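Trainee: Here's the letter readout for the chains.
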Amino acid sequence: MATGSALGSTDLMILLVLMRLGDEAYGVTIAREIEETTRRTVALASVYATLDRLVERGFATSELGEPTAERGGRAKKHFRITGKGVRAVRSAKQSFVRLWKDLPELGGA
Amino acid sequence: MRFFARLLPSHDVDALIGDILEESHRRSRIWRWYQLVALVVVISGRVVRAHPMLTLRAIAIGVAVFLAYFQVFGIWILNNVRLGPLPASNAALWLLVQLFFCLGLAASGWAIGRLHLAQGIAMVLPFAILMAVLGLSDFVRSALTLHSWSMFETFKLAGLLAKSISFPGSVLVGGYWAIGRVDTV
Numbered sequence: 001m002a003t004g005s006a007l008g009s010t011d012l013m014i015l016l017v018l019m020r021l022g023d024e025a026y027g028v029t030i031a032r033e034i035e036e037t038t039r040r041t042v043a044l045a046s047v048y049a050t051l052d053r054l055v056e057r058g059f060a061t062s063e064l065g066e067p068t069a070e071r072g073g074r075a076k077k078h079f080r081i082t083g084k085g086v087r088a089v090r091s092a093k094q095s096f097v098r099l100w101k102d103l104p105e106l107g108g109a
Numbered sequence: 001m002r003f004f005a006r007l008l009p010s011h012d013v014d015a016l017i018g019d020i021l022e023e024s025h026r027r028s029r030i031w032r033w034y035q036l037v038a039l040v041v042v043i044s045g046r047v048v049r050a051h052p053m054l055t056l057r058a059i060a061i062g063v064a065v066f067l068a069y070f071q072v073f074g075i076w077i078l079n080n081v082r083l084g085p086l087p088a089s090n091a092a093l094w095l096l097v098q099l100f101f102c103l104g105l106a107a108s109g110w111a112i113g114r115l116h117l118a119q120g121i122a123m124v125l126p127f128a129i130l131m132a133v134l135g136l137s138d139f140v141r142s143a144l145t146l147h148s149w150s151m152f153e154t155f156k157l158a159g160l161l162a163k164s165i166s167f168p169g170s171v172l173v174g175g176y177w178a179i180g181r182v183d184t185v
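Protein chains in written order, with my numbering: chain A, 1 to 109; chain Y, 1 to 185.
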């Protein structure tokens with residue numbers, strides 16, 4: 001379980017997806033993006049569990065959109081990464097880059 | 001969709017159900033079922049983690065109701081119904097006994113569901129999982145100590161497997177019957 005500003009791998013992946021999707025980020029598009037990247041079927045409920053945790057920790061915000069007939073009259077829940085989320089992603093990237101360094105078998109210089 | 005929504009705790013799942021509906025237009029039926037089962041399991045898991053004491057209480061209620069049912073109806077049946085000579089391999093008797101247990105477990109599931117309406121099926125699931133684990137462990141133990149694949153031993157194993165499915169199933173049916181919140185959808 002990640003604590004403080006530390007991110008788990010799923011948290012990091014979803015925050016990166018939020019950055020890539022921008023205003024288009026909601027459950028369906030987030031799950032599609034993860035499936036295209038990982039080539040695995042994703043449970044939307046698990047995606048929402050992670051998103052709700054990220055919102056609770058202040059790494060993302062959520063906002064309800066307009067209900068549509070295609071969705072049985074239910075609104076979309078849009079997600080957006082916050083400044084704290086961007087800083088956490090940047091910090092995670094720096095940690096990974098440091099670990100990558102000097103590992104020629106992983107392409108590190 | 002209504003069946004699954006009825007199982008859910010009173011959680012904010014509207015957007016999630018909307019996503020499943022929207023995406024199921026371009027996906028298979030298997031994908032839809034997978035998402036709906038995952039929805040119930042994930043949401044229930046969150047509720048259970050958030051309320052550990054309530055979960056223990058729900059399990060205790062399930063056990064207490066089952067014991068009370070067994071005491072009341074089991075003893076009544078033994079005292080009032082003339083069963084006659086019964087061979088151990090009598091399939092009809094075995095089915096009747098299983099039905100008796102299933103009814104008791106359904107009553108347990110019903111009581112748990114009724115006393116935890118706000119949590120939906122989430123409080124019923126742990127007791128059902130406990131029944132499944134007990135049933136499966138019995139099945140595995142018997143399979144590992146199996147002496148021969150005789151007809152009797154094979155039927156005994158099949159019976160244990162059927163029990164490990166029907167017992168938790170009965171708990172869930174009872175719980176589902178108790179919750180009865182069709183207006184969630």
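The set of hints was computed from the structure by calculation and includes no laboratory data.
Be a bit skeptical, because a hint or two may be false.
[As the list claims (entries may be wrong)] Residues from chain A that face chain Y, not an exhaustive set, calculated with beta carbons under 10 Å: (1) Tyr-48; (2) Ser-62; (3) Lys-77.
[Said to hold, decoys possible] Covered, in the sense of this in silico footprint (three residues per stretch, anywhere, with C-beta under 8 Å from a C-beta of chain Y), are these stretches of chain A: (4) 18–31; (5) 38–45; (6) 63–71.
On a predicted model such as this, the values are computed, not experimentally measured, just so you know.
Note that the Cβ used here is the ideal one computed from N, Cα and C, for glycine as well.
Trainee: All hints, please: hold or fail.
Mentor: Tested hints:
1. Tyr-48: holds, 5 Å
2. Ser-62: holds, 9 Å
3. Lys-77: holds, 4 Å
4. 18–31: holds (count 4)
5. 38–45: holds (count 4)
6. 63–71: holds (count 5)
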